[in-house]
Structure formats: structure tokens, C-alpha cells
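When you line the sequence shown up against my numbering, it's residues 1 to 179, in that order.
Each hint should be verified, as a subset may be incorrect.
[As the list claims (entries may be wrong)] Derived CB-CB ranges, DEER-like:
#1 Gln-148 <-> Glu-107: 34 to 42 Å
#2 Tyr-133 <-> Thr-7: 51 to 59 Å
#3 Gly-39 <-> Thr-89: 28 to 36 Å
#4 Pro-22 <-> Glu-111: 40 to 48 Å
#5 Tyr-93 <-> Ile-2: 53 to 61 Å
#6 Ala-147 <-> Ser-118: 45 to 53 Å
#7 Arg-119 <-> Arg-61: 39 to 47 Å
#8 Glu-104 <-> Arg-57: 43 to 51 Å
Rather than coming from a laboratory, the hints here were simulated on the basis of the structure.
Quick reminder that beta carbons are idealized off the backbone N, C-alpha and C, glycines included.
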Amino acid sequence: MIKIDFTKEEVEALDYEHYNYPHPKVQRKLEALWLKSQGLPHHEIARLTNISPNTLRAYLRQYQTGGIDALKQFNYVPKESELMAHQTTIEDYFVANPPASLNEAVERIYELTGIRRSRSRVREFIKKIGIKYRKVGHIQAEADLEAQEDFKKKNWTRVWTKRLPVREASFLLMPSILC
Numbered sequence: 001m002i003k004i005d006f007t008k009e010e011v012e013a014l015d016y017e018h019y020n021y022p023h024p025k026v027q028r029k030l031e032a033l034w035l036k037s038q039g040l041p042h043h044e045i046a047r048l049t050n051i052s053p054n055t056l057r058a059y060l061r062q063y064q065t066g067g068i069d070a071l072k073q074f075n076y077v078p079k080e081s082e083l084m085a086h087q088t089t090i091e092d093y094f095v096a097n098p099p100a101s102l103n104e105a106v107e108r109i110y111e112l113t114g115i116r117r118s119r120s121r122v123r124e125f126i127k128k129i130g131i132k133y134r135k136v137g138h139i140q141a142e143a144d145l146e147a148q149e150d151f152k153k154k155n156w157t158r159v160w161t162k163r164l165p166v167r168e169a170s171f172l173l174m175p176s177i178l179c
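Start from the sequences, fold in the hints, and give me the full structure.
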């Protein structure tokens, strides 16, 4: 078990920061240290913060070497998709030839780049580069616009000017039950 002696100022700083620090992962680190400063055993701290005992030991060692400032360092850099290197090629191709489905987009990306990704990854990538899925409707080839306008004028005015018969209202009266 790693033993750390906390000063009053350190405990107050941990108490404040584990609620107010902007990043939730750093808040979890600070909360684990705050719980340690309250004298809880390691297995309880790991259970309450939902981290493994190894992770807790890493946080404690990090605190021992650098203090609270070492815990605030968050060096996570997400991996960038390999498709981002081909972003302009894919975007230009999809603007000129929009895919009809997500499966088609997966195949076109594979043909263009040689990189095969799952449907969910391709959907995420397409949204990230700003291409939106649009549902395409159809228009009748032989539509008679004048006949449609006449129909609308004739039938809509009839519906709005026609008086509907007034029906009598019936009500069901129930006595109130007092408890």
C-alpha cells in the first residue's frame, strides 16, 4: 500500500478541484486522491471511482512525483483516422457522385483509397467531413401542374367553406370520492 501524508492545503485543493476541474477524467484522478486523503482503503477507492487498483496505484505514484499539477496533465491524443489523409479525394468524389446507401459509400471508399472500414466508421467519417445523408424523393414524369392547381383550388375551398353539422355534447357525471 502506498502511504501519502497530505497537508491541509493539499486536501482543500483536491476537494475543490475534483468538482471544478473542466475535464472529467482529470476529475476522476483528483477524486481518487481526495478519497485517499480521507483515509479510505485502496479497494474502496477503486470501487467508488470505478477504476482498477493498478490505475489507482499509477495515480498515486503520479501524485508522489509531481503533485496535483502532475494529475492535471492529460496527455491523451486520439488517433486520427487513416481516411482523413484522403479526405479531399473522398469529399470531391461524393459531391460529384453521391452514394445511394452507406454500403455503397463503404465500397466507393475502398475503391478510392484501398482502406476498408465498417459501416459505422464510414458513417462517422462522412459526418465528420460534413457530408449529410439526404433522402431522395421522386417526381412523376407526366405531372399536369395546371390540373393539380385546379384540384387544390376547387377542393380546398369546398372543405373550408362547408359547414359541419353540430352534434350535441354528452357528459358523464361521476360523483367525487372523498378519502
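Hint by hint, here is what the structure shows:
no.: 1; hint: Gln-148 <-> Glu-107: 34 to 42 Å; result: 40 Å, holds
no.: 2; hint: Tyr-133 <-> Thr-7: 51 to 59 Å; result: 57 Å, holds
no.: 3; hint: Gly-39 <-> Thr-89: 28 to 36 Å; result: 59 Å, violated
no.: 4; hint: Pro-22 <-> Glu-111: 40 to 48 Å; result: 43 Å, holds
no.: 5; hint: Tyr-93 <-> Ile-2: 53 to 61 Å; result: 56 Å, holds
no.: 6; hint: Ala-147 <-> Ser-118: 45 to 53 Å; result: 49 Å, holds
no.: 7; hint: Arg-119 <-> Arg-61: 39 to 47 Å; result: 42 Å, holds
no.: 8; hint: Glu-104 <-> Arg-57: 43 to 51 Å; result: 50 Å, holds
The structure does not agree with numbered hint 3 stated previously, though it agrees with all others.
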